[in-house]
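Peer 1: Numbering (the UniProt record's numbering), first residue to last: 1 to 496.
Hint data in this document are derived by calculation from the structure and do not stem from the laboratory. Take the hints with a grain of salt, since some may be wrong.
[As the list claims (entries may be wrong)] For lysine-lysine, the following DSBU-like pairs were computed, each having C-alpha atoms within a straight-line distance of at most 30 Å:
| id | residue 1 | residue 2 |
| --- | --- | --- |
| 1 | Lys493 | Lys447 |
| 2 | Lys234 | Lys181 |
| 3 | Lys182 | Lys268 |
| 4 | Lys268 | Lys181 |
| 5 | Lys235 | Lys268 |
| 6 | Lys234 | Lys182 |
| 7 | Lys182 | Lys235 |
| 8 | Lys181 | Lys235 |
| 9 | Lys268 | Lys234 |
[To be verified] Simulated restraints, written as ranges between beta carbons of each label pair:
| id | residue 1 | residue 2 | range |
| --- | --- | --- | --- |
| 10 | Ala451 | Pro95 | 36 to 46 Å |
| 11 | Ala404 | Ala453 | 17 to 27 Å |
| 12 | Glu470 | Gln208 | 21 to 31 Å |
| 13 | Arg465 | Ser50 | 12 to 22 Å |
Beta carbons: idealized from backbone N, C-alpha and C, even for Gly.
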Amino acid sequence: MSDDASQNYPSSFTEEFINYCRAHRLPPQLFHDLRELLPRMPRYVRIRPSDAQQRILPCSCDQGSRVPSDVIHELSTAVGGPTGCVYEVEWLPRPYCLALPRDTAVSQLELYRSGVVSAMDAASIAAVVALRPRRGETVWDVCCSPGMKLSFIADAIGEEGSAVGTDINLDRLFAARSVMKKHRANNVCLFVADGTSFALRTAVAVAQAAKLYRGKSNTDGLTALEERRLRYMKKRRAGGAADSSDGTVTRDEDDQVALVFTCDEARKRLVQSGESANQKHYGFDRVLVDAECSHDGSLAHMFLGGGTKRPFAGHDGDADVASQAINNEQRMQRLNLSLPDGNEFANAEVRKVSPLQQLQLQLLTNGYAQLNPGGTLVYCTCSFTYQQNEGIVQEMMHSVNADAETMERYGGEAVLCSPFCYEHEVGLEAQVSPIVILSGTQVGLLKQRLAAAGDPYGVTTGLAREGAEEVGVRFWPHIFSTSFQFISKVWKKPLT
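Taking the hints into account, I'd like the entire structure generated from these sequences.
Peer 2: Here it is as structure tokens:
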């Protein structure tokens with residue numbers, strides 16, 4: 001590529017997005033590098049554990065669950081590539097995370113259709129590995145749609161655990177519900193709810209309410225009363241579509257929480273987890289805040305021109321992706337830029353706190369508030385920007401650690417942890433599923449690669465306070481061959 005070409009943003013970018021990139025120090029070279037990387041980027045799948053496979057296999061199946069070596073062999077045969085075309089990702093839990101050739105139509109693979117493997121970007125897998133949920137824990141995925149991280153969490157905590165997923169957007173939540181049903185997740189409860197105010201008490205109260213109504217559950221695990229409530233909520237939101245294009249609700253609605261998916265076992269475990277919870281700090285063992293963001297680092301959302309208009313479209317009979325256009329209005333819907341009024345940046349400056357950043361801070365703060373003392377929280381986004389990542393985490397840390405009284409109210413001191421270090425959990429390794437365990441060698445390798453990557457595009461340089469500790473890590477696509485992911489981990493240290 002010529003130097004002149006790299007000085008300009010891709011011609012497919014809208015004026016609004018170019019202004020956004022300039023304001024957030026995202027240079028043209030970053031996106032040109034992404035465009036060159038995409039054709040070489042693998043697709044990724046994770047192998048689900050044997051107990052999860054047993055739930056999805058028909059009773060008549062005499063083959064049993066597949067061990068990882070069998071899965072790798074079957075995938076290699078299915079994709080028809082040369083030896084080694086399917087390989088383990090060396091910096092993720094082995095042998096459960098695999099890379100496949102770029103042109104693989106994952107959705108057409110029998111192992112995918114049957115639920116033995118799950119398609120998931122490697123950096124997204126890393127976020128759950130950083131959280132490292134243990135068997136039997138109660139875990140909340142705050143913004144759970146489309147459900148791939150939640151399904152991974154559910155596999156990791158096992159049948160003794162309880163996974164709670166929330167989203168304020170019903171359409172997105174229905175997509176997550178489809179994943180849970182496909183994976184036969186019998187330890188998951190999905191709620192339509194506002195993550196800025198949701199709590200374990202709320203989840204337990206809604207789940208317990210079904211005891212007042214006797215009757216059979218539908219295929220989503222809902223009683224007739226819960227099903228009617230959900231239909232009413234959907235109808236009410238559809239009626240307000242003219243005022244809300246994203247299908248969400250206003251904060252003052254009285255029907256903010258409703259069950260969307262569960263099963264008898266999951267409902268029972270959730271209620272039991274509430275009954276055994278610390279009554280002073282009634283919360284979750286772990287919380288994942290995969291916050292709503294601008295998606296400017298998600299290659300699944302990026303439109304870089306030419307054949308990348310649908311970067312992850314499969315080769316399953318789709319029309320030529322290079323001929324499919326996307327207009328500015330559609331792009332602005334896919335990239336949540338949270339633009340100021342008038343769709344213009346004054347003097348190319350970003351407002352100090354945009355509505356999107358306010359939402360991210362509220363989600364993160366409530367996620368931390370709902371965490372048990374001694375619990376762990378992971379915050380992640382697919383945005384390149386400092387403001388949506390380090391800036392949000394630093395603001396939350398400053399707020400919840402303001403003084404002794406504030407820390408007492410939150411039930412602990414917020415302590416930043418290196419995302420792939422687990423010293424505060426020493427002695428609990430036996431409770432951790434191998435699907436989220438990194439070896440010491442892998443942790444060292446990962447740290448080296450993250451440190452070597454640095455800040456190659458100058459996105460964060462000079463923005464952090466001098467002497468400030470590392471807030472999180474950045475998975476740059478050109479280093480890890482994945483979509484971008486920022487990951488930060490916070491431990492709620494119990495007060496002595």
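Peer 1: All hints are to be evaluated individually against the structure, with a verdict given for each.
Peer 2: Hint check results:
At most 30 Å may separate the alpha-carbon atoms for a hinted pair to count; Lys493 and Lys447 meet this at roughly 24 Å. The hinted pair formed by Lys234 and Lys181 meets the criterion: a straight-line CA distance of about 20 Å does not exceed 30 Å. Under the criterion of a C-alpha separation no larger than 30 Å, the hint pairing Lys182 with Lys268 is consistent with the structure, at around 21 Å. The suggested pairing of Lys268 with Lys181 holds, with an alpha-carbon distance near 18 Å, which does not exceed 30 Å.
Straight-line distance between C-alpha atoms of Lys235 and Lys268 comes to about 29 Å, which keeps the hinted pair within the 30 Å bound. Our distance criterion of 30 Å between C-alpha atoms is met by Lys234 and Lys182, whose separation comes to about 23 Å. Between Lys182 and Lys235 the alpha-carbon distance is near 26 Å, which keeps this suggested pair within the 30 Å criterion. Distance restraint check for Lys181 and Lys235: the Cα-Cα separation of roughly 23 Å lies within the 30 Å cut-off, and the hinted pair is therefore satisfied.
Between Lys268 and Lys234, the direct Cα distance comes to roughly 26 Å. Compliance with the 30 Å bound is thereby established for this hinted pair. A beta carbon spacing of about 26 Å between Ala451 and Pro95 contradicts the range 36 to 46 Å that was offered as a hint. Taking 17 to 27 Å as the suggested C-beta distance range, the pair Ala404 and Ala453 does not conform, at roughly 38 Å. Checked against the hint of 21 to 31 Å, the C-beta distance between Glu470 and Gln208 comes to roughly 42 Å, which is inconsistent with it.
Distance hint check: the CB atoms of Arg465 and Ser50 are about 47 Å apart, inconsistent with the given range 12 to 22 Å.
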